[in-house]
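There are 2 protein chains.
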Amino acid sequence: MLAFAYLLYTHNKYTTMESKIIFALDVYDYNTAMELARTVGEKVFAIKINWPVILENGIKIVRDLSKYANIICDFKLADIDNTVSMITTKVKEYGGYGIISHSFTGLNSLKAVVKSAGNMKVFSVVSMSQESYLDNITEELIKISREAGVYGLVAPGNRPYYLKKVKELSEGLKIISPGVGAQGGDIVNAMLLGSDYVIIGRSIYNSLDPLGTLEGFSSSINNKLNK
Amino acid sequence: MLAFAYLLYTHNKYTTMESKIIFALDVYDYNTAMELARTVGEKVFAIKINWPVILENGIKIVRDLSKYANIICDFKLADIDNTVSMITTKVKEYGGYGIISHSFTGLNSLKAVVKSAGNMKVFSVVSMSQESYLDNITEELIKISREAGVYGLVAPGNRPYYLKKVKELSEGLKIISPGVGAQGGDIVNAMLLGSDYVIIGRSIYNSLDPLGTLEGFSSSINNKLNK
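Order-wise, the sequence lines are chains S and D. If you count the first sequence from 1, position 156 lands on 156 in the numbering used here, and the numbers rise without skipping. If you count the second sequence from 1, position 81 lands on 81 in the numbering used here, and the numbers rise without skipping.
Chain S extracted, bound-state conformation (with noise of 0.2 Å):
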């Protein structure tokens, strides 16, 4: 019975339509977000935004974006405990799902995000989609993570070697990953080495049919997971 239960979980995995996808909308115009994420927003798991869409519009478009998806804000928050403390505050208070963060600025900093994150869900940034400084110190960054009690990590989907050795160190934090689509990373061989969800952007919001596109990566997901 338990194995029979077993199969069907395993069966159904990647073919529920729970989405594997966070659609990475990276505008700065309000009446573009919305428009988007009114079309795409039942169909991923979360809507990413980072800093370009709240120049222009102030953080009070997390509010109306809630409405269509969950919220993560891309903020990769890398300063003071003072100041990430009164970021996070905000996006709490405008009902932010998430929040992204940098570790490398230390644990005191990142403790400072968790704390002011309270339910909100906290990734930290412990490799990125480009080769920068944290690719010796990963190890380190995922360590002081799960010490500071983040949600998930932010790990490279074009990236193989690091994506894959952020997953081996990850003890069941979910891992969400940027690079695929427009910066060269595939969506399924990232989901294989250890993605939970992958972060796509430029691929569907520069797409003529948003809808489709996104519509087409959920497709070739579920068909090659399943295979």
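Because the hints were derived from the structure by calculation, they are not lab data. What you are looking at is a predicted structure, and each value in this text was computed from that prediction instead of being measured. Some hints here could point you the wrong way.
Treat identical chains as interchangeable: a pair holds within one or across any two.
Below, a list of computed lysine-lysine pairs in the BS3-like style, where the Cα atoms sit at most 27 Å apart [as the list claims (entries may be wrong)]:
{"id": "1", "residue 1": "Lys121", "residue 2": "Lys60"}
{"id": "2", "residue 1": "Lys165", "residue 2": "Lys43"}
{"id": "3", "residue 1": "Lys167", "residue 2": "Lys111"}
{"id": "4", "residue 1": "Lys174", "residue 2": "Lys143"}
{"id": "5", "residue 1": "Lys165", "residue 2": "Lys90"}
{"id": "6", "residue 1": "Lys92", "residue 2": "Lys60"}
{"id": "7", "residue 1": "Lys167", "residue 2": "Lys90"}
{"id": "8", "residue 1": "Lys90", "residue 2": "Lys60"}
{"id": "9", "residue 1": "Lys143", "residue 2": "Lys43"}
{"id": "10", "residue 1": "Lys20", "residue 2": "Lys174"}
{"id": "11", "residue 1": "Lys164", "residue 2": "Lys20"}
{"id": "12", "residue 1": "Lys174", "residue 2": "Lys43"}
{"id": "13", "residue 1": "Lys92", "residue 2": "Lys224"}
{"id": "14", "residue 1": "Lys164", "residue 2": "Lys67"}
Here the structure of chain S is known, so what remains is to put chain D in place on it, guided by the hints.
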């Protein structure tokens, strides 16, 4: 005659009204920010803002604050080329005087900031006012900062060892220093060790008399550096 002119110059060096202080305006609220800028703007070298005030007001506040002072956007950029370019371009469009970027993300990201900045001054963080993973790579970060063509470096006013090290390797790049005031560093000591401008925030904006407090800091610098 030349010697006399030189004497006049050196005598005036710290007694002119040119301020050595950058005011860190780390508040959320528009009216509070504008009122503080109006009060102290003329008496400081520049006003530095960070994400908190952008969250509530969007980037347009840079244009408004620029009426009173040079505005440096302390955005601690730490992302891929595409994203840092988008942010920097917007700051420039709204009349920013300068922008602060991290450098640990590597040469390409920093070059992207410098390129998008045009005439704006780019300052790169090579050491922080709190312990961080930058401490071991400060020398490399200064090297790539110079290669990327930044205008200045950010180095801590409250950590003399690292400030002195940055000064020794800076080769004429301007040094601006946080960590004085509320974070414990001594302003005059920071300037003697190599800071061109010190960044003071909480000590001023939490004061009942921001202008008086600022003038106190300025007098302290002038008196002690002229001894």
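Hint check results:
Taking identical chains as interchangeable, the C-alpha atoms of Lys121 and Lys60 lie at most 27 Å apart only when both belong to the same chain, with a minimum of 19 Å there against 30 Å between chains. For a Cα distance limit of 27 Å, the shortest separation of Lys165 from Lys43 qualifies neither inside one copy, at 30 Å, nor across copies, at 52 Å. Only within a single protomer do Lys167 and Lys111 lie at most 27 Å apart by alpha-carbon distance; the minimum there is 22 Å, versus 31 Å between protomers. For the homomeric pair Lys174 and Lys143, the shortest alpha-carbon distance inside one copy (14 Å) is at most 27 Å, but the shortest distance between copies (36 Å) is not.
For a Cα distance limit of 27 Å, the shortest separation of Lys165 from Lys90 qualifies neither inside one copy, at 33 Å, nor across copies, at 36 Å. For the homomeric pair Lys92 and Lys60, the shortest alpha-carbon distances inside one copy (11 Å) and between copies (23 Å) are both at most 27 Å. Taking the shortest alpha-carbon separations for Lys167 and Lys90, neither the intra-copy value of 31 Å nor the inter-copy value of 36 Å comes in at or below 27 Å. In the homo-oligomer, the alpha carbons of Lys90 and Lys60 lie at most 27 Å apart both inside one protomer (10 Å) and across protomers (19 Å), since each shortest distance falls under that limit.
Taking the shortest Cα distances, Lys143 and Lys43 never come within 27 Å of each other, neither inside one copy (33 Å) nor across copies (45 Å). For a Cα distance limit of 27 Å, the shortest separation of Lys20 from Lys174 inside one copy, 12 Å, qualifies, whereas the shortest one across copies, 46 Å, does not. Only within a single protomer do Lys164 and Lys20 lie at most 27 Å apart by alpha-carbon distance; the minimum there is 18 Å, versus 49 Å between protomers. For a Cα distance limit of 27 Å, the shortest separation of Lys174 from Lys43 inside one copy, 20 Å, qualifies, whereas the shortest one across copies, 49 Å, does not.
For the identical chains of this complex, Lys92 and Lys224 are neighbours neither inside a copy (37 Å) nor across copies (45 Å), given an alpha-carbon limit of 27 Å. With identical chains, the CA atoms of Lys164 and Lys67 are never at most 27 Å apart, being 35 Å at best within one copy and 51 Å at best between copies.
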